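Dock chain one against chain two, each of which comes alone in its own frame, and use the hints as you go.
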Amino acid sequence: MSLSRDLIQRFQQIVGDEGVLYNPEELLVYECDGYVVEKKVPDVVLFPTCQQHVVDIVKTCNEFDVPFLPRGAGTSLAGGTLPVGGGVMITLTRMKQILEVNMRDRYAVVEPGLVNVHLTQHLAGSGYHYAPDPSSQGACTIGGNVATNSGGPHTLKYGVTVNHVLGVEAVLPDGSVVQLGGPVEGSPGYDLTGLFVGSEGTFGIATRVYVRITRDPVAYRTMLGVFETVHDATQAISNIVGAGIVPAALEMMDQGIVEALEAAFHFGFPLDAGAVLLIEVDGLEVAVNEEAQRIVNLCEQSGAREVRKANTAEERQLLWKCRKQAFGAIGRLSPSYCTQDGVVPRTKLPEILEFISESGKRHDIRIVNVFHAGDGNIHPILLFDERDKEQIERVLKSSDEILAKCLELGGSVTGEHGIGVEKIDFMSKLFEPDDLAVMADVRKAFNPMGRCSPQKMLPTAGACGMEHIEKDHPGRRAAM
Amino acid sequence: MTATDSQDEFTPATVAELSRFMRENSTDGRRSIVPVGGRTALNYGHSTPEDSLRVSTAQLQRVIDYPARDMTITVEAGIRMDELAKTLKAENQRLPVDVAQSQRATLGGVIATNTSGPRRFGHGTMRDYVIGISGVDASGRHFKAGGRVVKNVAGYDLCKLMVGSLGTLAIITQVTLKLRPTVASSALVWMIFPKYASIDEVLESLLASQTRPISVEVLDPKAADHVSSDARCQLPNQSPVLIIGFEGSDSETQWQIETLEQECAEFKPAATHVLNRKDADSVWKSLTEYATWSDDPLTFQANLRPSKAIEFIERATKLGVAVQAHAGNGTVVGHLSDEASTLESCQSILDELRQIARASQGNLVVLRCDDDWKAALPVFGEPEDAWPLMQRVKAELDPNGILSPGKIWKGHQ
Ligand SMILES: Cc1cc2nc3c(=O)[nH]c(=O)nc-3n(C[C@H](O)[C@H](O)[C@H](O)COP(=O)(O)OP(=O)(O)OC[C@H]3O[C@@H](n4cnc5c(N)ncnc54)[C@H](O)[C@@H]3O)c2cc1C
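Heads up: the protein sequence lines correspond to chains W and C, in order. With our numbering applied, the first sequence corresponds to residues 1 to 480, in that order. With our numbering applied, the second sequence corresponds to residues 1001 to 1413, in that order.
This is chain C alone, in the form it adopts within the complex (with noise of 0.2 Å):
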């Protein structure tokens, strides 16, 4: 072991070391395992055994082959996301998935905790841009999948299995990124309404509109209030707001601005503002952050159908959550507010809502919340169709259930 390890950690400096590592725990003393990148999110799922060693991809961060003209970068795991996108951005590149807390939060991470932001509505998340991956898994097999190149269908794709396992099936060492040109600009559209009704009709009218949204999003006032004020940027938020992104070139993005005001008239916006460039980029830095902010008790996801996303909105105002949602692709995020303080009643602000969202074929998933509070909830919501077909798929690759064990199913290896 290397210096920055102790009882609890440990940090291996090469992917050998890891395998090693992990082949000997497989055998011998088989603690459980949890790894761990910019501990940006390890809050998120179940609890894991206290007594986990942490497995830290810090030392993998090199860049191991960046063919710029070929638009894929191969790096290892560990690197942080704002170093990554700096990388690229030298070669007018970019990975278009928005990543909270970039300065901490590492490539390896965000696979593993399928992470996006409001930019998924135009660019799709992490799943649409791993074309290769390489891991360890629990016992010490350090196996890879896809390659180096943009198209690609030998052997399974386990680099989707990879993308939102949280940890639990491989350590993940390496990974191939299909990249994106950077743009020229980028802005948003701040409209606010009078009635989420409106909002709604936006939404559907969106659907023929002569433009091409990258990003939805629909903000509850307090949510609107606090993406305001952190971007500083003085907006209106006394009644529900939607913003519409758009990017490209100069031109692409003016033309799409007054396009988009045009078609909206006829519902009568209470105001709109546009935000271009330095205003745009902290607004657009606000909206990613959102998940993340919050000393609230409690921060839920629903997948939802867009269509139900604004009667989710408004069930959910209503019960004093803070609500964001991508409502483009039906992903919506909840604060709860300080008045749910106890575990009782988020549990019945949770368990109405998720009502709600299973009524039309969603999901709710709880983010964050107290560890202590996890043991009583049903963080995954109510159990699905395909777990058991998921359980096998994990026996199979950590038989012994060392890796992150019960951090998808509660009380399973």
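Chain W extracted, bound-state conformation (with noise of 0.2 Å):
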């Protein structure tokens, strides 16, 4: 598809000519996200800078029958801001303002480029914080984290996006503006804000997000729990769980990324260990010494070698940055590599662990993983040379081969990443016929011509469009 000049002058006459992409060079860029096997560049990119802009962009795709989606950071690990069948692209990252904060009503309003990281650095010291912290967090959008409802460590005792976010107000696929939920909480009818958390980018285009700000804790512990073998560390992440302890963050990394961390950040990490768990505890200073110490427990029992503390809030933040950047260090290790994104009940993590490390022997690939343990949200990361076509063949069959196995387990093969186009085959092997409609049916409410987004999410029979997809540069290169 290639629009005509007549469009591109409308939509300069919009946002601008500083807010049009329309050079062939110029797109290159957006041609795909975080996830690099499939490329399509949209035949045209806007910056809108106001609600108004999206709406009057919106309207004139429908006018044109032109398709459109939005796009945040494009940090999406799935190809959700891939633009199947080309189309135009609404990147939303020049619309970042804060537009208020109300600590006695515990709720901010945002625009939906702003950089996650920015609104808590915002609320610094006022002893509150925005709780989703993605280890993406940096670069981001919550326009995006709301579309692929992102987790991140700290949302396994705080909860993922959705349940941060109070509402929406969303330019819907005709270019009408709605607002869903809103400062107060509690509205009649049905909960929209809810079902359009995770969509990615199906039901409309974010441009407002109102989302729940969360005490700072008063005390944290943070431990590093470390363990002869990846065996033991996952038995002793099912021992504290299944004890009932929620810890506020639970993250696993195994050998192979412990050395690639202590290359690049120099901690003082055990190079021989099989595995070792980043545990924080938070909450009141009387009861993190009291948590933390059954967790110690648990951890021996389970077989650890030793339990460290982090002494100093400088040694906390060490220990966090070195798991945000996990993914940073594993070029170290190896040119290309491929994250996946499964889950597995908890108790169910020995039994996967042991799958990822048969199926890399078995595919002669290397895998090293690094994840978000107390939620059972796997991140094996395969790697390879992309040089060597015959090895991409064995990752991708690995990758499938582990994600089959977490449904085989009773789980899911994303717990954050989102379908975006990567996962788009599984949906019919988690769905039946019958889910999948009624899902379709809900979606025809919000986008009842499919312009917006068009083949994402949801298998759609005879689907069109994804001719243009070339399947060429399979690096994935994605991360937790």
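In short, the hints are calculated from the structure, not lab data. Predicted model, so just to flag it, every value in this text is computed and none were measured. Misleading hints may appear alongside valid ones.
Unchecked claim - Just the calculated beta-carbon pair ranges, DEER-fashion:
no.	chain 1	residue 1	chain 2	residue 2	range
1	C	S1360	W	E18	34 to 40 Å
2	W	F265	C	R1392	50 to 56 Å
3	C	N1092	W	L28	52 to 58 Å
As the list claims (entries may be wrong) - Just some of the chain C residues that point at chain W, by a computed CB distance under 7 Å:
no.	residue
4	R1148
5	S1251
6	A1386
Said to hold, decoys possible - Computed cross-link-like contacts, DSSO-like style, restricted to lysine-lysine with a CA-CA straight-line distance of at most 30 Å:
no.	chain 1	residue 1	chain 2	residue 2
7	C	K1086	W	K157
8	W	K157	C	K1178
9	C	K1089	C	K1278
10	C	K1089	W	K157
11	C	K1278	W	K157
12	W	K59	W	K444
13	W	K59	W	K40
Even glycine gets a Cβ: it sits at the ideal position worked out from N, Cα and C.
Quick look at the structure:
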């Protein structure tokens, strides 16, 4: 598809020349997001700076019958921003204001292009923060978080994005504006806010988000459990959760990741350990010691070699920095890598980790692990060299095998990265035709013409447009 | 049909039977259907057509899977809340959402009405716990969404759509819940103040408190009198009451009580009572039951910004309303007094209160009143911006308007 001069001019009238990209070399940046296996350049990229721009753009797209889709920072790991079939990409990064912070009523109103961590930085010192903390929080936008219902290390205790969104103002696919929810908890009728969160851009474009802000914990205890084997570490996770303890965060890193992190950050991680657990409890000063001690005991009973404590705020920060930048360090291990995002019931972690290791051996692929263990949300990272086509085949086989195993164990193929285009084939394995038909009906209420983010989330019979996708660059450079 | 059935009611023994029944009904007869669980909240919403057939979930109450160490449970939707709580307690777990009449209320009904109580301040509401759901829609499609794991973003989150859908979109048949551990202790601090203004100051100061309350309740003297006598605790109630709830380990609870008392001293409560163990349990229970207590003509719920709660309560009490507020959330439940015995007098009180609510983007919903009055009352308030979109969702899932027609939008399928 190539757009007419006439249409481009209309867009220039809406957002100005500086808000329109249409030269092929400028568009190249937008050919993919964090999921780089599939690529497709949009026909034009637009940068609205206000809600009215978005309305005018969407109405114009309808008038000219061209597809469109929203994009935030483009850190999606599932190809959520792939413009299947081409069309108009509406990038929201210039709508990034914090419109209101209301401490007494514990909410903030932000524009969708606001970078996640900027909200928490803005709140620093107030005693409040924005709880969802995806590892990409320094780059990803709140609009993108809403669309994918993002999680993060601390969402184990505090809940994922949907648990912190009070309302969304959105431009619907027909260009009308609707406010769902708002600053007040509880509005009559259906919880369309909750439904909108996680709709991956297929229900319209969020132009304003009402989020809950959360009290800062009074005290933290951050620990590093060191284990001889992955099996012992996963057993400890299972025992902690099984004992009814919900830590603030519970993350696992195996030997491969620890090696790379140590080379990058010189934290003093034990290089000979099979796996380490990064565990944090928070709450009241009177409670954290007790809870931390219970966790230490459970780790030791599960065979921990030692449990170290972060003694200072700096040590804690460094540990978290290591965790959140783990993916940056992987470059030291391999030229390319592919991250998967499966979920299993938490007690099944030992089983799935064993399966991952066997799968790696079977296909002769090195796999390392760093993941949100307390949620059962695994992120095996498959390392490879993308120049070796045959190796890529084996990577894809192993990935699919691991996700299929997650389903077999009663889990899911995505805990937080979304379906996007990457996992669309798994939808019919997870869901029955009636489930998908009901979901398609719900989508029709929001997006009856299907022009907004076409070919996403639901497998559509006779899908057209997919033929444009070039499966060229299989280095799925994804992250947690 | 099985033995429990009549002309007006059908109780399927299995989901397959329910699905078949709904499929047949959607092509043949198209009788309107009202799903029923424990029948504790059937009055909520507009009246449904008199010739509706009730479809009961009474025989769908099995525990399907309870992997306690994963802290999730999958159950059929007709399970009674007390039964569910008992099952969970055996594993030291719980669903921390307060439900009135829990011996009768079913999980499906609680989800459909989005019931909650005092603990919503600390623990949230049903939307935060339902991670998987199955239902049968008006055309008999048996569908599911979500799953059995605590983190999952595959597909649209129809769990959220079902919470609060009041039986208008589907008959909920099965639910997977995320669970929480039970706590060692809980306590309530009951404080009375001479004026509402002082309570407002405390509420503001709580935002910076060292403690982490699980509930923040405000009662007017009438409501306080009811709660204290219902709980069989002699508690002062001659002036407005603020009740702060804590949960945790013994030392956590104890520390928070002491800290709160110190923090509140500057606001000069007229009296402070700390309720532990049995007393705390019975007051929690009475606070939970409050919304359903009353022979009074009408009960409403106003949803407000928390900062507007006190202003609203003061006005409401002047109009004779007995109020309980989950003040931390801005949720106010009010019972109109006997004096408001005519529709006209109720209408004028509600109109005034609704305007206060709307002035700060809030709303006011009638929870319960005489069926005859409903025709004249805006049960769910003035039309909201999002209603047309909601009606499109309803029309897509139930194009013939079979499930609880008119329940949310009078005159609309
Ligand atoms: C290093 C790294 C670490 C990561 N860690 C995590 C993690 O810990 N947890 C986690 O959940 N994810 C993680 N991710 C994935 C990703 O960051 C999240 O999915 C994030 O929410 C995407 O935000 P974005 O602004 O980049 O959105 P984009 O990638 O631009 O878009 C994502 C989806 O949202 C839609 N969208 C964007 N803006 C809007 C809007 N305003 N209205 C409607 N739809 C919109 C898009 O169409 C697309 O479908 C990570 C990614 C990377 C690269």
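Right, here's what the structure says about each hint:
Checking the proposed 34 to 40 Å range against S1360 (chain C) and E18 (chain W) shows it holds: the Cβ atoms sit about 38 Å from each other. Between F265 (chain W) and R1392 (chain C) the Cβ separation comes to about 52 Å, which falls inside the hinted range of 50 to 56 Å. For N1092 (chain C) and L28 (chain W), the Cβ-Cβ distance of about 56 Å falls inside the hinted range of 52 to 58 Å, so the restraint holds. Here the hint on R1148 (chain C) is kept, as its CB sits about 5 Å from the closest CB of chain W, short of 7 Å.
Because the smallest distance between the Cβ of S1251 (chain C) and any Cβ of chain W comes to about 5 Å, under 7 Å, the interface hint for this residue holds. Checking A1386 (chain C) against chain W by beta carbon gives a least distance of about 5 Å; that is within 7 Å, so the hint holds. Taking the CA atoms of K1086 (chain C) and K157 (chain W), the gap is about 24 Å. The hint holds against a cut of 30 Å. Restraint check for K157 (chain W) and K1178 (chain C): the C-alpha separation of about 12 Å stays at or below 30 Å, so the hint holds.
The hinted pair formed by K1089 (chain C) and K1278 (chain C) meets the criterion: a straight-line CA distance of about 17 Å does not exceed 30 Å. Using a Cα cut-off of 30 Å, the hinted pair K1089 (chain C) and K157 (chain W) holds, with the two alpha carbons roughly 21 Å apart. Straight-line distance between C-alpha atoms of K1278 (chain C) and K157 (chain W) comes to about 29 Å, which keeps the hinted pair within the 30 Å bound. Proposed proximity of K59 (chain W) and K444 (chain W) is supported: the alpha carbons are some 18 Å apart, at most 30 Å.
For the proposed pair K59 (chain W) and K40 (chain W), the alpha carbon gap of about 24 Å is at most 30 Å, so the pair holds.
When each numbered hint is compared with the structure, no violation occurs for any of them.
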